[in-house]
Amino acid sequence: MEFINEKIINEKIINEKIINEKVTNIVFGLFMIAVFSQIIACGGGGGGGESGTSQPTSVVPEPPPPVLQTKDLVAPDNFDYETSSEVTVDIKLPELSGRRAFVSLFSQYARHENNQWRPDFGSRLMMEKLREGEINRSIKLTHDIDKVLVQIWTDNKNDPPYSKEITVDNATLFWRQ
Amino acid sequence: MFKLLGQVFTSLFLIVFVVWPTNPNADPFDECPSKAYLFQSNNVQIYGVNLVTGSYTLLEDYVGIDGNINGVGFNFDDRYIYGFNTSTYEVVQIGGDFQATVLNVTGLPSDTTFYVGDVSANYYYVYRKNTGFYRINLDDSRDDYLEAVEVVGADVSLQLTDFAFHPGNGLLYAVDNKTGMLHQISTETGANVELGDTGETGTFGAGYFDVNGYYYVSRNSDGHIFRIDLTDPDSPEPEAVLFAQGPFSNQNDGARCAFAPLAIENTDWGDAPTSYSTLFADNGPRHEITEDLYLGSIIPDGESDGLPFAVNDDQSNTDDEDGIGFVTAIEIGLDGLVQVIVEGEGYLHAWIDWNSDGSFDELTEKFIDSEFLTTGTHLISYRVPDTAIAGNSWSRFRLTSSEELTAVGGAPDGEVEDHAVSISEPDISYRYYPSESGWVALAYEDIWPGVGDYDLNDVVMQYRIVELVRDGEIIRVDLYGTLVAMGAVYHNGFAVHLAGLNRDSVDQDRLRTLFNNELQALNPLEEGQSEVVIKVSDDLWENVDSDCRFYRTETSCTDEIEFSFEISVNFSQPPTLASMPDAPYNPFIFASSFWGRGEGFTETPGRDLEIHLVDQPMTDLADQSLFGTGDDTSDVSSERYYKTNSNLPWAIEVGTDWLYPKERVDILEAYPMFQDWVESGGEENSDWYISENAVIEKIYQ
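So the protein lines, in turn, are chains V and Z.
With the first letter of the first sequence counted as 1, position 118 gets the number 118 in the numbering used here; the numbers rise by one all the way through.
With the first letter of the second sequence counted as 1, position 680 gets the number 680 in the numbering used here; the numbers rise by one all the way through.
Treat the hints as calculated values from the structure; they're not laboratory data.
We put the CB at the ideal spot given by N, CA and C, even for glycine.
It cannot be assumed that every hint is accurate.
As the list claims (entries may be wrong) - List of simulated lysine-lysine pairs, DSS-like, C-alpha gap at most 25 Å: (1) 92(V) x 147(V); (2) 71(V) x 698(Z); (3) 164(V) x 92(V); (4) 147(V) x 164(V); (5) 366(Z) x 157(V); (6) 129(V) x 164(V).
What the hints assert, rightly or not - From the structure, some residues in chain V lie toward chain Z, with a derived Cβ separation under 8 Å: (7) 68; (8) 102; (9) 107; (10) 130.
Unchecked claim - Residues of chain V placed beyond 10 Å of chain Z at every Cβ, according to the derived structure: (11) 62; (12) 63; (13) 92; (14) 93; (15) 96; (16) 116; (17) 134; (18) 139; (19) 147; (20) 167; (21) 171; (22) 172; (23) 175.
Hey, can you work out the whole structure from these sequences and the hints?
Below you can see the structure in the form of structure tokens.
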């Protein structure tokens, strides 16, 4: 909400609640100014007791440096504020051609003592069945993701998954054999 | 009512026992204990039983005298347990140190043993079929102290192995082992009233009450603890519901202070929607947390109850739901694989709600039945039934030392994990944005077309998209959201526009809307639009019940998250991948009708006023004449939307669930790296929003 520019209160607005709250904000603002002034006024007189003197000083407090606010920023004209980018997942494992196998990508995972990858299944980015051992699929990745774990499971419970960690440094996540 | 009664009794209890004279024998119990005491074996051993989970521990392996002690009951008035030594035919008193003292009781038939007993109002009652029903005075200030008096005319035909006093009405209750009928017994006359069939038979060696009036009976043969609802004794519900898996023995008897509530501690709960019996009130699944048996890599965290709805187990505490992963799609009619990580040795039980009716059917939906697993990672194969229904549903996994388990009730160890699942026709691909259970945050300033204060919390919506792809077409989109903050006095609605998709492409008959996991009878496809617009809410303030002026942006407002949605959009004319808009599509807020909008508006703009992400277009229902007013520099002809003349936004999307700024705190104060990100046009600090980059005291949490 905007609390700086409170000057317009339109009486035609149906919602009196809004108006009341605006008025409250103004009153609150005035109150805070009063309180703040009091704090500044008190600030000069309190401390120091060592000299025992109470000579008035004529020091004018330095104005605080201007605080940069978002409204003061200027963004480039074409900035779209997107928080994610499209990448293409390009995988080909010929040995899995003809097998029923599923590819999953994960953004969060760990590697355990036995070198086994343990994905956080909640971080899965996509799941797709391989077609003739390959897929080519575009997905969007948020900008906090810099690496992904690719795992491929067949439908044979005795097969361990194929796993590969890939760094996200260009528009394609590439794994071909 | 009984809860209140219990509190009164507890208070009285505290007052009374401060001044009560101590017994010359062993000291009494210090308190009215929550645990149930189970007496087993010959010589007797005493176990403490947690009725919530069925877990038990040996408390005493020798009570100081030989023999089996049975017919035990806790005397609220002096805090001793009384029982009958079935080996020596003597009444005994047991103190807080679990040591027994023989009492010189007169008036009982000689050479006769009693297995059924309980205590109420300083009288110990014992019963034996075809022998008699006796009352023994335990109050040493009365003349007939320790004298047994037969209740003349009592019905002694019932086949009982224990009975227990209801804390509310002081009457005895028991289950006939042979018939399974629940009986209410008068202590005055010994007459009994048959209340109905419990549905269970067997030797119910131990019975206990809690302060709310639930009656628990433990079956010797299998250790099953059943619960019978006598919370309103005038309207008893005799059905015995399997409540927990406890210890079994051929010699069982139980005692408990009936004025104590059940204590829930160190317990793991599920978090599926409430229809799956997740809460304790619905006998939801729960496991006593043990360090030697659990799913995944992390010992589960304890909760006081099930956590259905948006505030699920992982959002409340540590991310302990890490033991289960569906590694293949759940395709109707085909086999699937699920990965299970186990620590310890136990039996896995699992259910999937194949028909998405909101419950787990024990006969048709238990797909892993008591599979013994040891420490390690396992792949388990299962068949998806042909009758499964495509769509979003739920699964439940329970690991415990017990070979028998249902989808509800207590277990003495292990863990429960509930996971959302998607059941699909074969050959479906899934794209998750940002991930299967992650969120992006949509953050809005709502004073458009004026510049706001850039706390970017007037509306904060967590948001997720799941797309189902088949043969290069999107056949279904699932939109998820959770409203996490409204630092706004203005009232805003929320909707998602799928730009470029014709409204007619949606299969309206198959639209499915859930609010807080409850199915809604509404059509979210907004009228009057030429393209697909899914309207979630006309006024988000109507979706929360909060007294806060600003919802979850000031630290003084500690309200919980209250609103989540899940909307499935099936397409009758599926768009191709090329024609589908990119995630996050075009989510926007709009002014709610009838509510004022402050400066610049002589009338409430209502639905005419929309606020979108940068360069996302307004919909058909927005008033384009508002473009270019105030601080806005939108220009339809150049497809420039919702920017100031400094190219600043009114809304941003953030790549995680995001810790947003407190009320009136400029985002620059909360996330200093935001500056370089904006000024560089996104080239620098692209992860400015992660929690490591936040100024902690400036964000709401």
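Hint-by-hint comparison with the structure:
A distance of roughly 19 Å separates the Cα atoms of residue 92(V) and residue 147(V); the hinted pair therefore holds under the 25 Å criterion. The hinted pair formed by residue 71(V) and residue 698(Z) meets the criterion: a straight-line CA distance of about 18 Å does not exceed 25 Å. Distance check on the hinted pair: residue 164(V) and residue 92(V) sit about 13 Å apart at the alpha-carbon level, within 25 Å; holds. Pair hint residue 147(V) plus residue 164(V) holds up; C-alpha atoms about 10 Å apart against a cutoff of 25 Å.
At roughly 20 Å between alpha-carbon atoms, residue 366(Z) and residue 157(V) fall within 25 Å of each other, so this suggested pair holds. Of the pairs offered as hints, the one joining residue 129(V) and residue 164(V) holds, with about 17 Å between alpha carbons and a cut-off of 25 Å not exceeded. The closest approach between the C-beta of residue 68(V) and any C-beta of chain Z is roughly 6 Å, which is under the 8 Å cut-off, so the hint is satisfied. The beta carbon of residue 102(V) comes within 5 Å of a beta carbon in chain Z, closer than 8 Å, and the hint placing it at the interface holds.
Taken as an interface hint, residue 107(V) checks out: its beta carbon lies about 6 Å from the nearest beta carbon of chain Z, inside 8 Å. Look at residue 130(V): its Cβ only gets to about 10 Å from chain Z, farther than 8 Å, so that hint breaks. No beta-carbon of chain Z comes within 10 Å of the beta-carbon of residue 62(V); the shortest separation is about 21 Å. Once the 10 Å rule is applied to beta carbons, residue 63(V) is consistent with being away from chain Z; the minimum gap is 19 Å.
For residue 92(V), the requirement that its beta carbon stay farther than 10 Å from each beta carbon of chain Z is met, with the minimum near 16 Å. The claim that residue 93(V) is not at the interface with chain Z holds, since no C-beta of that chain comes within 10 Å of its own (minimum 16 Å). A cut-off of 10 Å between C-beta atoms confirms that residue 96(V) is not in contact with chain Z; the least separation is 13 Å. A Cβ of chain Z approaches the Cβ of residue 116(V) within 10 Å, the least distance being about 7 Å, so the stated non-interface status is violated.
At roughly 13 Å from the closest C-beta of chain Z, the C-beta of residue 134(V) stays outside 10 Å, upholding its exclusion from the interface. Separation of residue 139(V) from chain Z is inadequate, the least Cβ-Cβ distance of about 5 Å not exceeding the 10 Å criterion. With a cut of 10 Å on Cβ distances, residue 147(V) stays outside the contact zone with chain Z, its closest approach being about 13 Å. Residue 167(V), annotated as away from the interface, keeps every beta carbon of chain Z farther than 10 Å; the closest lies near 15 Å.
Every CB of chain Z lies more than 10 Å from the CB of residue 171(V), the least distance being 14 Å, so the non-interface label holds. Non-interface call for residue 172(V) relative to chain Z: holds, since the shortest CB-CB distance, roughly 16 Å, exceeds 10 Å. Against the 10 Å criterion, residue 175(V) stays outside the reach of chain Z, whose nearest CB is about 17 Å from its own CB.
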